[in-house]
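Going line by line, the protein sequences match chains P and D. Going by the numbering used here, the letters in the first sequence line up with residues 1 to 340, in that order. Going by the numbering used here, the letters in the second sequence line up with residues 1001 to 1340, in that order.
Treat the hints with caution; some may be incorrect.
[As the list claims (entries may be wrong)] Have a look at the derived ranges for each label pair, beta carbon to beta carbon:
| id | chain 1 | residue 1 | chain 2 | residue 2 | range |
| --- | --- | --- | --- | --- | --- |
| 1 | D | Cys1072 | P | His302 | 54 to 64 Å |
| 2 | P | Gly244 | D | Asp1077 | 50 to 60 Å |
| 3 | P | Arg136 | D | Ala1312 | 41 to 51 Å |
| 4 | D | Ala1312 | P | Thr286 | 50 to 60 Å |
[Unchecked claim] What the simulated footprint calls covered on chain P by chain D, stretch by stretch (three residues with Cβ under 8 Å from a Cβ of chain D suffice, anywhere in the stretch; the number is not a length):
| id | segment |
| --- | --- |
| 5 | 95-105 |
| 6 | 133-147 |
| 7 | 166-180 |
Because the hints were derived from the structure by calculation, they are not lab data. The C-beta atom is built at its ideal place from N, Cα and C for all residues, glycine as well.
Number of protein chains: 2
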Amino acid sequence: MKKHNGETALVAGGAGFIGSHLCRALLQQGYRVVCLDNLLTSRRSNLLALEAERDFTFVEGDVLDPLPQELCDRAGDITRIYNLACAASPPLYQADPEHTMLTNVVGTDKLLRFAEQTGARFLLTSTSEVYGDPERHPQVEDYRGYVSCTGPRACYDEGKRAAEAMTLDFARVGRADVRVARIFNTYGPNMNPDDGRVVSNLVCQALLRLPLTLYGDGRQTRSFCYVADMVQALMLLMESEAAGPDPINLGNPEELTITELVAAIEAIMPHPLEIIYKPLPVDDPTRRQPDISRARAVLGWHPETALSEGLAKTVAWFQRELGRNVPAKETRRVARVAAV
Amino acid sequence: MKKHNGETALVAGGAGFIGSHLCRALLQQGYRVVCLDNLLTSRRSNLLALEAERDFTFVEGDVLDPLPQELCDRAGDITRIYNLACAASPPLYQADPEHTMLTNVVGTDKLLRFAEQTGARFLLTSTSEVYGDPERHPQVEDYRGYVSCTGPRACYDEGKRAAEAMTLDFARVGRADVRVARIFNTYGPNMNPDDGRVVSNLVCQALLRLPLTLYGDGRQTRSFCYVADMVQALMLLMESEAAGPDPINLGNPEELTITELVAAIEAIMPHPLEIIYKPLPVDDPTRRQPDISRARAVLGWHPETALSEGLAKTVAWFQRELGRNVPAKETRRVARVAAV
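So that you can see chain P by itself, here it is in the shape it has in the complex:
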């Protein structure tokens, strides 16, 4: 990739799971990076190594508040705005649905206006959730999805759909140069152990020798993309002149049942895993798989990290993470299991 020495990228939500990897990769590409994050569902610890870097600045702030002065002062240098600001896992985004919706709509609007003001290119990280519980497989970008706008996931799903609508509207009348990524399930180091996502849930349970919780019958499918691949795709999309404003799916097209995921984790762990089954949450999609033909054609991108390799890195990271900071009740449960 081309070097971007002297240019500044703003990463809203840069302390989150994908955001923190993106900040690092942007620094490696020569960008100065300003990370704006409210630390509500992200973690400053994800930025520990980055904060030592001269070209990295962390600004604590919520995209719903007026943009911090520190950011406005650097408006003239900013050429890229990545909007990753929003809680992304169901228990976290459902904890305050009003804030989730407003973050997606008002936050996106505010950053689009900042892009209009600065002339920076804007990238919205949208989501496979815009397809809801899809009735077509795999999902192509022009499939309009099957989303409940009244259910408990709607604050996120509809918030992202609304954010896409606004982003495309800014592009349609030339107010901003935009890109829209629809991110499918992604996993890797820096995931929040508490955010209830399937990979982090299962890996943590496995490491803590707890029974693994499976929702439904385990036959629902997902596609899991390793975070390094995803970050590469986001940057390729941002820098692509050819991509244009229309949404582009980013994810791993390799479809996997949750049961197969458990088997892949079991293959890494030194001990056998126990499984307990729970009912599927409301509106939980039963199948989700990206068609990435557009990403292949326009960006020349496809995920390269094998699941076994990505999972091994993820398990190793969670092992260190849990070792440093095992939640008290889990420690007790592990102790109990260990005592048996």
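Since the structure of chain P is provided, determine the placement of chain D on it from the hints.
Same frame as chain P, but now just chain D:
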């Protein structure tokens, strides 16, 4: 219906087509009425007769701004909040898509918070547009729709879907007592002659002896509900204890092609009509028909006004309206036609 003497109803968007009829009907039901409207796409002339009434107050304001002091002063008396605030016809809501989206999301949030603060019941007027270009007919409330979230109609369609999501979220945690109406095509006096809706377009063209513009082949269907029926339904829904927060379709299930609508107009007019065909706009739904089983069961409501009767009243109103204020260029064209 029960009388509500002494209670106050807030009607946001009360100077619009449906809003103005609603204000009148609420006054007749004994409510004091405060109409909040920014007059962007609505018309103060719709309120001419109402402004003489003691129990009616007009407050000019945009739901995106802080609620006017005059409104906050009456917070203690307000028991009903109707949210009709949003441009509703494609050329008008597409003129400023950012404002349309924010009106639906931020405006609804603000009025929901006002409902939370006052304890007033809140009714969102949503729309059949949440079904997009539906793949099932007729549409029942639990059909999730087929909506493009990136097209030029998305600012409205997705804005309303997001507004529904927020409204249901307020209900789910007991922050507000809410009702959601999905309004299908409605027509009648007080429609804006310039808003590009099919009934007003065709009636005005017919009255001005201009060729009638048909988009597509005229075989796309709509269902047209007379405004008096719609207003009755909105009030029944608001006052219903049984209805609950889930959306409820309001409209006329009688499906009609646009060509049949033209024939119905022609039957009223004293002169034959000429038709010109134009291509269908992007994302224009080809078919839309409400299933109103829920409204029948829960509210005991169905539309009662025959199309011929409603159209006759509408034509008579537009005749007076255009007589008062014929646009200059149309006058010239009419004069030219008359001279031939």
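Hint by hint, here is what the structure shows:
no.: 1; hint: D:Cys1072 to P:His302: 54 to 64 Å; result: holds, 56 Å
no.: 2; hint: P:Gly244 to D:Asp1077: 50 to 60 Å; result: holds, 53 Å
no.: 3; hint: P:Arg136 to D:Ala1312: 41 to 51 Å; result: holds, 46 Å
no.: 4; hint: D:Ala1312 to P:Thr286: 50 to 60 Å; result: holds, 52 Å
no.: 5; hint: 95-105; result: holds (count 5)
no.: 6; hint: 133-147; result: holds (count 4)
no.: 7; hint: 166-180; result: holds (count 6)
Checked against the numbered hints above, the structure violates none of them.
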